[in-house]
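Asks: Chain residues, written in single-letter form:
4 protein chains.
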Amino acid sequence: MSTPFIGKREYFPGIGRIPYEGRESDNPLSFKHYDAGKKLGDKTMAEHLRFAVCYWHTFCNTGNDPFGPGTRDYLWNRSADTPLARAEDKLDAAFEFFTKLGVPYYCFHDNDIAPDAEDVVAYEKNLKHMVALAGERQQATGLKLLWGTANLFTHPRYMNGAATNPDFAVVARAAVQVKAALEATVELGGANYVFWGGREGYATLHNTDTRRELEHFARFLATARDYGRSIGFKGNFLIEPKPMEPMKHQYDFDASTVVGFLKQHGLDRDFKLNVEANHATLAGHTFEHDLQMASDHGLLGSIDGNRGNPQNGWDTDQFPSDLYDTVGAMMVVLRQGGLAPGGVNFDAKLRRESTDGEDLFLAHIGGMDSFARGLEVAYALQTQSPWERWRAERYASFDEGPGRDFAQGKTDLAALRDLAAGHGEPIQTSGKQERYENLINQYLAR
Amino acid sequence: MSTPFIGKREYFPGIGRIPYEGRESDNPLSFKHYDAGKKLGDKTMAEHLRFAVCYWHTFCNTGNDPFGPGTRDYLWNRSADTPLARAEDKLDAAFEFFTKLGVPYYCFHDNDIAPDAEDVVAYEKNLKHMVALAGERQQATGLKLLWGTANLFTHPRYMNGAATNPDFAVVARAAVQVKAALEATVELGGANYVFWGGREGYATLHNTDTRRELEHFARFLATARDYGRSIGFKGNFLIEPKPMEPMKHQYDFDASTVVGFLKQHGLDRDFKLNVEANHATLAGHTFEHDLQMASDHGLLGSIDGNRGNPQNGWDTDQFPSDLYDTVGAMMVVLRQGGLAPGGVNFDAKLRRESTDGEDLFLAHIGGMDSFARGLEVAYALQTQSPWERWRAERYASFDEGPGRDFAQGKTDLAALRDLAAGHGEPIQTSGKQERYENLINQYLAR
Amino acid sequence: MSTPFIGKREYFPGIGRIPYEGRESDNPLSFKHYDAGKKLGDKTMAEHLRFAVCYWHTFCNTGNDPFGPGTRDYLWNRSADTPLARAEDKLDAAFEFFTKLGVPYYCFHDNDIAPDAEDVVAYEKNLKHMVALAGERQQATGLKLLWGTANLFTHPRYMNGAATNPDFAVVARAAVQVKAALEATVELGGANYVFWGGREGYATLHNTDTRRELEHFARFLATARDYGRSIGFKGNFLIEPKPMEPMKHQYDFDASTVVGFLKQHGLDRDFKLNVEANHATLAGHTFEHDLQMASDHGLLGSIDGNRGNPQNGWDTDQFPSDLYDTVGAMMVVLRQGGLAPGGVNFDAKLRRESTDGEDLFLAHIGGMDSFARGLEVAYALQTQSPWERWRAERYASFDEGPGRDFAQGKTDLAALRDLAAGHGEPIQTSGKQERYENLINQYLAR
Amino acid sequence: MSTPFIGKREYFPGIGRIPYEGRESDNPLSFKHYDAGKKLGDKTMAEHLRFAVCYWHTFCNTGNDPFGPGTRDYLWNRSADTPLARAEDKLDAAFEFFTKLGVPYYCFHDNDIAPDAEDVVAYEKNLKHMVALAGERQQATGLKLLWGTANLFTHPRYMNGAATNPDFAVVARAAVQVKAALEATVELGGANYVFWGGREGYATLHNTDTRRELEHFARFLATARDYGRSIGFKGNFLIEPKPMEPMKHQYDFDASTVVGFLKQHGLDRDFKLNVEANHATLAGHTFEHDLQMASDHGLLGSIDGNRGNPQNGWDTDQFPSDLYDTVGAMMVVLRQGGLAPGGVNFDAKLRRESTDGEDLFLAHIGGMDSFARGLEVAYALQTQSPWERWRAERYASFDEGPGRDFAQGKTDLAALRDLAAGHGEPIQTSGKQERYENLINQYLAR
Ligand SMILES: [Co+2]
Ligand SMILES: [Co+2]
Ligand SMILES: [Co+2]
Ligand SMILES: [Co+2]
Ligand SMILES: [Co+2]
Ligand SMILES: [Co+2]
Ligand SMILES: [Co+2]
Ligand SMILES: [Co+2]
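Chains as they are written, first to last, in my numbering: chain A, -9 to 436; chain B, -9 to 436; chain C, -9 to 436; chain D, -9 to 436.
Since the hints were made in silico from the structure, they are not lab data.
Note that the coordinates shown come from a computational prediction; the quantities given were computed from them, not determined experimentally.
Wrong hints could be hidden among the right ones.
Identical chains blur together in the list; that is why a pair holds if it fits in one copy or across any two.
[Unchecked claim] Capping the alpha-carbon separation at 30 angstroms, the derived lysine-lysine pairs in DSBU-like fashion look like this:
| hint | residue 1 | residue 2 |
| --- | --- | --- |
| 1 | K(-2) | K115 |
| 2 | K253 | K400 |
| 3 | K400 | K115 |
| 4 | K400 | K118 |
| 5 | K224 | K400 |
| 6 | K253 | K224 |
| 7 | K224 | K115 |
| 8 | K(-2) | K134 |
Isolated chain A, as found in the complex (with noise of 0.2 angstroms):
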């Protein structure tokens, strides 16, 4: 276990490197479950689960919310004079909390590390300081980035959305920060580029034509893709889905949608899926549906690990803790071998209530733990118990004789036909949609 980073002081006094100590353990700045290195099948669970903390929540967010202004009064955020000293203090309190955490990744928009500016020289010169400060952390620590982005959402400029602006002169000025976070990535060796479309969708239908907004979204992902391309960038660009909010419809609704948008335009050889929990069941899915429906396509490349709040119609970002969603994901992750060179980035933010020291801590603790936890049960199911053979069985009647023909295209509908006319009515199989629930219970007490 690695001694924490310090820098010009320290902004969490009192915690230290957090251990592992058991599901038997009351301390509560300790993993019940996360063991590093400890190893189901041939990979460590830090290898299966790649864990990233965000940036924006945890050292940008004070609690502001459309009600009220921030509660957490963050000693980095008041403790220099100018703009660029106080993100370089931010930078040290990031890497202190990383590495006292022990996650091996963090994810970052251009914004959440430097200086926003209106000027464009200057914006990319405040984003080129921080991004040499933070290739020095990493160097001393082994941090390492997940994932770069360009905030393209919060200046007013975006209000009408950024690459789907009616206004060219937007998708342009959009372009900027594309191109500086695409450098910021490559040159901090990041392992993906998302995009999130925060505001690429519509306010009202009245006033949108969204064939033209939609195409000139593929353009411009295409221009990225062409663009990092050409500076070196080898890792995966992903598109993060979202139905709504803040616009009242999103263009990337959902994986399916995002998916068939892919393919249409010839994207899905560089473009793949960051799937948030919170986003796929504001679109009216379930977490692990929307990452199956990425993973069938061979599309599903990472993960913001979040929960939204059921009763509640917008992104709460709650720091995952519902095991039955994190069983769920592993379930799909593991089926398709894990998920490098993506991983479980925590796009998660303390409840605004949430004020102590320790909580930001505890909030990530807790994450984590889900997610092994989650990871331990997944992968006892589908090792040690009958669940993947049930699953297979089912689909028996495909793998051989008529129903294989069918499957591989070689049946026409009259001979279909003529099969169904010579037997008699099928027999009935039960679904034993029961049988599942009560194992995933069962295992969960184990």
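Given chain A, put chains B, C and D with the ligands in place with the hints provided.
Replies: Frame of chain A, contents of chains B, C and D with the ligands only:
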């Protein structure tokens, strides 16, 4: 105005041909807006709207819901002794209704017009008998078939899906019905053939291999398409999206999902979409949104006109009565130059509590007037108001110069960045949503 | 462990009394957590949970949904020639099931156990006959009736409501069934009598005078209460809230609405609430929330244990399987000192696709184990963890001094203002939601 | 038509007093339906509708959302050097807007019109200063205050609630603002005083004692009521229900919940409800439903006129533009004989993308015309159409004979049973929902 068809007996005595009387009429059994021969542009209202009555809700459904049986005691369900004789009576009632209402089209499932049978040959025989009779009635009245389809969800054998059933024997049995329904549609000159994926989806992901099921689905559709073309079907095949119910999740979730699926499997040359209002809203969209998504890809084929109950999370299939919905729908339809060979089918049912004989007429009159009024207002907005000019002007920066270059894929990311750096901050442009909303209300009052 | 009841024939051959085998057992037909005699505090698990099987979903429902008929071909539905003989067979099957499963209670509607009839005298005679037989079976097996009720929603006469029907003739007809069901409940020693307001609500506000309907509702309940008391019923009357379905809106929307209604009409001395999980979630609440709202007013009388499908907007009545739900429920129940004379009734039905004979057992075993595990975890959280102390400390400022004065109504607004002016800004206190969430997961793994 | 108020400078140059021009006008800056002096029955439109502009959304809100800051750069926010001077400028802008628009009322929170301060005395001084100035402006223009309120949700101290905060110190601090806002309301002759329970609820049940919090809530309201009456406030206190946001759950969930709470605590003699459309829909109701529930109990006091976005699960506070909503609302208001001393306050905000100076006017014009048109149609339906007669006839069986006896509580259950047994099966009566729906559309086109 033609004479209504009356069969062996009159099922709706006291009600004659429904006349157009205009908006000042207080006669509930008259049209206030639907004036079939009135021209808007180069088409009559009848040509714009191509109304169809559906067989299932209007003549088969008697009002059952999950908590109780039907409430309407229709004469045609008890006047004869055998299932086939009752089917003949129902056909008479249907054509009497069509002709009294004055719609040009109708739609059916195989099992709506003919008695079902588990025995394949008996099933086929029943259907052929009734199709022959329906052909005679069409001949006699001038009615036409907007589309036919097969019911692949009612019989218990389909409980785990039809084309996506894990058991090949059920897939083959589904082919029996699709083959027969295709033949029926061709024989009756049907303009379209519809697939509504009633149980094509899952009750639980636990037991489901979605990848295999979706591949089987595509195979099945291709097989049906090939057979249809081989027997001379020239119309559109249509997929009707629905996100859930009866299944927890249905594969044809919404328009965008289906568009992606069709394109992925090369089915988009033969298949288009039949968009239903209530299904769009269950998927978290407006009716207009799903119409627009289909239309943007040239894949809006037909409409199931109804509405959901915004406070209820199931498919209420109410008659369309919200003019905002119908104005929005007709905005999309007019922009794409019409719906033909599709139409507006009322996949709508009486409320369970609406038990008077006249209620079937009142409901259809309300639905037809709602769409007729929506057509009038949409036509006026597009031809007399500044609406379309406003929308076009928003995108003018892509009509020429570097914006057009970008839209045509001629610009790279670095060039976009330089363009932005060379200009100042983009000028803010109001989205003016409220202006559009005011304009709709203004035209609704004219 | 008593011997199962077997009637004229055995309906579940090959399945005996379900044993408790503990969490390491792989036998699907055993309890992993429900150990009836195990003590937590001064009560056994059986005394804490007071499980009941419901008659309607388990023995009457065969799997129909709005898109298809039942899928399960139960022997007791076809073994005899007359409705009454089939009802007798069903009763035998039910008592065989109760005793094999090992539950102490059951629940029914009048029309579940006896054939309905439009003729009042015939209806009463059928019910009396079956009640006498059920009494014998109770005697023979030790089973008890948790509650009885009348089905006031299935017959078409109730399409516009029962007690709230706009037609007095229907209100009077509803009284026939409530009178008979009350008598049946008293005869069988039922501990409670339930009203679920199936169609007490509206399909549309347009035609509804809600003020009159709600007054009639209160009158009807008072009348039933008076009659029940007059024939010796000593138990609780229970209202079961549900927000919608089958009606667009139901008057017993949620726990708070019903509490307010009962208090307004002076019914809260005799009536409590029977809270169903799926109904709470349809109303936009968690299960635990509606339990808490009822319990806060001393009005939580009984529980309908099931769960909804978070992605589906109708009452799916699935068997409870989410441990977060059952932990939350038992937290409330333990705090109020138990449920008696209420209990946990499984108002839950097999999925339509679950068609094996054993599935009825698997589903109930899963439900019982989920509540038993929830009980264990809630009990441990309340007795071994700091949970209850944490909660109490949050409110300590109201336990003494000016805070207590305020809570007791002894302080006026000006005094409060002066207290605040005399102190500085209140000290910030973290809500620590994540700490609580971590603790639940910690105890779920013990 | 009076002359608009212009302060030190004109904030909306180029826009004068908005005239009524009728439905054929194409002038976007004119009313199409709102003709203040037009009489419907014995009241003018202005008297029926009692429109108010809200201070917060219209003059304080600049368009921020959770993903970005404000987009509108209002002159009054940057024209002066100190917070108090800017507050004075804003007041001038507000009265210019009120008088150009031609509304008789406005509404505010304490912190809308005066700068907030943590120091109690400074806060009180700021408010007194601005209230004095507002009084002068009212004098000069004839504007009146529909209601005042205190903002108990923005400052971080209220993160865990105000009156329901677990810390008594915060409850006392909330009293500072309520006392001051009550005094301000009295000084300005406000007709009502509103409580919107912004953070009165919970983020998680885990840490919350709802019973204690609700008792504190009742105490606090009683204390405020007593103080208000002691300083001469004669108007209604109003509770504004909202089910969630910012909290997961808010105690004032919906109209029925609040009615029950007020009655339980004996607050219903002084408190009524201020029903907001968007809050009703977030609670799973129609706007009309929540109005009706309040009105049925004589507790509908005032209206916050806006609308939500049916596809989005948060409070969008859009300007009212759906005529079905406004017709439904005015049906309830007309039936109860009007809203006075309440009114229709536009708790509605411009879309973030609506950034033109004229947009504030367009939005309010649209909202006022929507309610004016709703009033016209509802008035015509009630006075010229058969609507009210149809509704009354449905309940005629309770107007005399045994039905009336039942409604008056003079019948027991056995007597009801005997009445039913003495008659045959009740006669079926159609609910005729479609007939009512057709009638609304018919009147919307007149
Ligand atoms: Co999110
Ligand atoms: Co995310
Ligand atoms: Co439908
Ligand atoms: Co349809
Ligand atoms: Co239920
Ligand atoms: Co229930
Ligand atoms: Co609001
Ligand atoms: Co409001």
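Asks: All hints, please: hold or fail.
Replies: Right, here's what the structure says about each hint:
1. K(-2) <-> K115: within (23 angstroms within a copy, 43 angstroms between copies)
2. K253 <-> K400: Result: close both inside a copy and across copies, 26 angstroms intra and 21 angstroms inter.
3. K400 <-> K115: Classified as between: cross-chain Cα gap 28 angstroms, same-chain 61 angstroms, threshold 30 angstroms.
4. K400 <-> K118: The answer is between: 28 angstroms across copies meets 30 angstroms, while 58 angstroms in one copy does not.
5. K224 <-> K400: between (40 angstroms within a copy, 24 angstroms between copies)
6. K253 <-> K224: both (20 angstroms within a copy, 28 angstroms between copies)
7. K224 <-> K115: within (25 angstroms within a copy, 62 angstroms between copies)
8. K(-2) <-> K134: Within one copy only: 21 angstroms inside, 58 angstroms across.
Violated hints: none; the structure is consistent with every hint.
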